[in-house]
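Generate the whole structure from the sequences, applying the supplied hints.
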Amino acid sequence: MKPRTLYDKIWDDHVVDEQPDGTCLLYIDRHLVHEVTSPQAFEGLRVAGRKLRAPQKTLAVVDHNVPTSDRSKGIDDPEAATQVAALAENARDFGVEYYNERDVRQGIVHVIGPEQGFTLPGTTIVCGDSHTSTHGAFGALAHGIGTSEVEHVLATQTLIQKKAKNMRVTVDGQLPPGVTAKDIVLAIIGEIGTAGGTGHVIEYAGEAIRALSMEGRMTVCNMTIEGGARAGLVAPDEKTYAYLKGRPKAPTGAAWDEAVRFWDSLKTDEGAVFDSEIRLDAASLPPIVTWGTSPEDVVAVTGVVPNPDDIQDENKRNSKWRALDYIGLKPGTKITDVTVDRVFIGSCTNGRIEDMRAAAAMVQGKTVHPSVSAMVVPGSGLVKLQAEEEGLDVIFREAGFDWREPGCSMCLAMNADKLKPGERCASTSNRNFEGRQGFKGRTHLVSPAMAAAAAIAGRFVDIRDWK
Amino acid sequence: MEAFTKLNGMACPLPLSSVDTDQLIPARFMKRSRAEGYGGFLLHDLRFDEAGAPRPDFPLNAPERAGAQVIVARRNFGSGSSREAAVYALVDYGIRCVIAPSFGDIFASNAVNNGLLPAKVTEADGESLIAALEDGAHDMLVDLEDCRIVVGNLSVPFTVDPVWRTKLLNGWDDIDLTMSQADAIKAFVAADVQARPWAMPRRGG
Chain A
1 MKPRTLYDKI WDDHVVDEQP DGTCLLYIDR HLVHEVTSPQ AFEGLRVAGR
51 KLRAPQKTLA VVDHNVPTSD RSKGIDDPEA ATQVAALAEN ARDFGVEYYN
101 ERDVRQGIVH VIGPEQGFTL PGTTIVCGDS HTSTHGAFGA LAHGIGTSEV
151 EHVLATQTLI QKKAKNMRVT VDGQLPPGVT AKDIVLAIIG EIGTAGGTGH
201 VIEYAGEAIR ALSMEGRMTV CNMTIEGGAR AGLVAPDEKT YAYLKGRPKA
251 PTGAAWDEAV RFWDSLKTDE GAVFDSEIRL DAASLPPIVT WGTSPEDVVA
301 VTGVVPNPDD IQDENKRNSK WRALDYIGLK PGTKITDVTV DRVFIGSCTN
351 GRIEDMRAAA AMVQGKTVHP SVSAMVVPGS GLVKLQAEEE GLDVIFREAG
401 FDWREPGCSM CLAMNADKLK PGERCASTSN RNFEGRQGFK GRTHLVSPAM
451 AAAAAIAGRF VDIRDWK
Chain B
1 MEAFTKLNGM ACPLPLSSVD TDQLIPARFM KRSRAEGYGG FLLHDLRFDE
51 AGAPRPDFPL NAPERAGAQV IVARRNFGSG SSREAAVYAL VDYGIRCVIA
101 PSFGDIFASN AVNNGLLPAK VTEADGESLI AALEDGAHDM LVDLEDCRIV
151 VGNLSVPFTV DPVWRTKLLN GWDDIDLTMS QADAIKAFVA ADVQARPWAM
201 PRRGG
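Note that the protein sequences, when read in sequence, are chains A and B. Under the numbering used here, the letters of the first sequence match residues 1 to 467, in that order. Under the numbering used here, the letters of the second sequence match residues 1 to 205, in that order.
Check before you lean on any hint, since a few could be wrong.
Pairs of lysine-lysine, PhoX-like flavour, derived with a Cα cap of 20 Å [what the hints assert, rightly or not]: (1) A/239 <-> A/249; (2) A/9 <-> A/163; (3) B/120 <-> B/6; (4) A/267 <-> A/165; (5) A/2 <-> A/163; (6) A/165 <-> B/120; (7) A/162 <-> B/120; (8) B/186 <-> A/51; (9) A/316 <-> A/330.
Hints were generated in silico from the structure; no laboratory data involved.
Laid out in C-alpha cells, this is it:
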C-alpha cells in the first residue's frame, strides 16, 4: 500500500461515498454546536421536518455571546439572551446534550471538547466555528464549517467534501525560555502568510511540536486557519493519551485499549509525500508581537514596526500602510516602546490552565500598570475551577486583573467585553483584524506570558529579561 | 436554492485584499435574527463612520453603484471566521457574485450553499476588471455556463470548482442530495461500529 499521511488515513476511514470527480461524502464523528452559528440550521431542520441523524454525536454549549460577568441572574443583553434561549430550546427539542451558561462544564467550544474527552484521535470533528482546527492537536481531522453545513451534518452526520492537499510544517530543535507555542504558530503564519495554507491540511511535526504539552499543541492547531488551512494535525502520542485517559467521554476499559492500538497506527508512514513542506528552527524563535491587522504581520519583540515602503508589490504595500494607519503606529517604532491600554488573557487559543499558569507566573507579587485595564477570562468553568484551586485567581486579583466567567469574550467582542475606539490591546487571542475586539480597537497578538508582562509594564517587554 | 446561470448586473470594485469575514459582517450584528435581513450590516465598519453616516469614499456608497450585484475584490477574499453571516450579508444586500483571485476556503463553500458565485480570476484579470470599473464601467455579465466575465470590450475567463458549478447551475440543495444516500450512510455506520467501537460517544460521560 502507498505510504499515507496522518490526514490520508483519517480521511480514508471516513469516506462514505466517492464520486468520479473526487467529491466525497465524509462521515462526521463529532459535532460541536454553539449559539451563534446554529439557529438557522435548526430552523432549516424544523421547516423541512427533519430530525438529527445522530444526536448522541452532537454536543451544544453557549460561549460566543454570553457575558463574562455574574450570570446567575440571567443575561441582560436581550439579543444575546434570545440567542442563548434558542440554543437551549433547540437542544431540548432535538435531543442534544447541552451545557448552559451556569453549568461548570460550560466554556469555549474548543476548550470543552478536549476537556470532556469528546475530542478523540482519529475522529472527524466539525463545528460552525473556524477555530475547530484546535482539535487537530489530538490527531483528529477537525475544521470549521458554515451554517448550511451545520444543518447538513445535523441532518445526515456527513459532509460533502473534496480532499485537501497535504502540507507539513516541521519545527526542529528546542524552544528557548520565554518562547511558547503561540510564538511558534505566529512565526509559521508570518512565514507562509494568511493564505499560505489555503486548500491544505497542515500536519505539524518535529522535535519542538513533540515537546509541546497538549495545551501548546492546541494553541498551534487553533491558529492553523489564520494561515488559510482549514485543519491542522499533530500525530497522537503518549501525551495525547495521558491527557484523554479518564475524561468523562473518553472510552474506558477494553475500548480504551483498543482505541490506543488504533491511534498508534495513525502516524504518517515513512515515505508519505506532502504537497508542500515548511521547516522552522525553534531555537531561533523570539517572543513575537503582531504589529498590523493581519496575523501574518509579525515581528520579534526586540524588533521595530516595519516600513511598508520596503514592499515591492504595490497592492501589498498599500494594504500594509492601511494597516499601520489603522493600528496607529509609525515605521521604525521599537515594539518595546509601544504602550497598551488593555490586556486580554483568554480565548480558544490561550484560555486553558497552562495559559493561566504562565500568565500568573509573570504577575505574581506585581501590580497592573495604572494606565492599563487587564482581564483574564478562563476558557471554561473547569479551567476556572482548577485555576482557583491553584490560587491563580488570587494572584491575578491581587495584581489588579479582572477575573471573569468563561466564554469567548473579547476575542470577538460579541458581548460587553470590547475595546473602545482607539484603545490598544495586548491579546492572547487569534485575530488582530480591524474591529475584531471592538469598533476601531487595536489588537496585538501575543502569548499569555507576554500579555501578562505588558499588563504590568504598560508596554510590550521582552519577557526573556523579565525579573 | 435559486439557480445561477447568467447574471447581467451592476458591478462594484472593492480594491482591497484579504477582506476578512469580520469586515464583511462585524460579530456584534450576529446576535440579530436574519428575519430583518443582514444587508445593512454588510462591510458595516468600512461603509459607515462612527456616527453611522455612509463614508462617501467607499465604493459601495457611490450613488452610481446602487443596486450592485457583483463585487470585484483582490486576493484572499472572505478569509478568517467561518461565519456564514458574511454570506448572508452579501446576499441580503443583493450581491450574487464575488470575483477575486482567491477566497477563504470556508467562505467559498458557504457562498455556494447560498447561491452566491465565488468566481476566481487571475491577479492580472482581476486588476483589469477593477480598472475597467474604476474607469466608469457599470454593468457586468457573469456567465456560469461559459465561465466568462464580460465588461464593455473586456472579456475574461473565471474558474470555479466543477462540482460547485453544477450545483449552482441547478440550484441544488446538498441535504436533499445526501438524503438520497441514506442507505450508504447506514451501511458505513454499521461497518464502523465494528471497526471503531471506541469512536461511539459515551452519553453523559
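Numbers of unmet hints, in rising order: Per hint list: zero violations.
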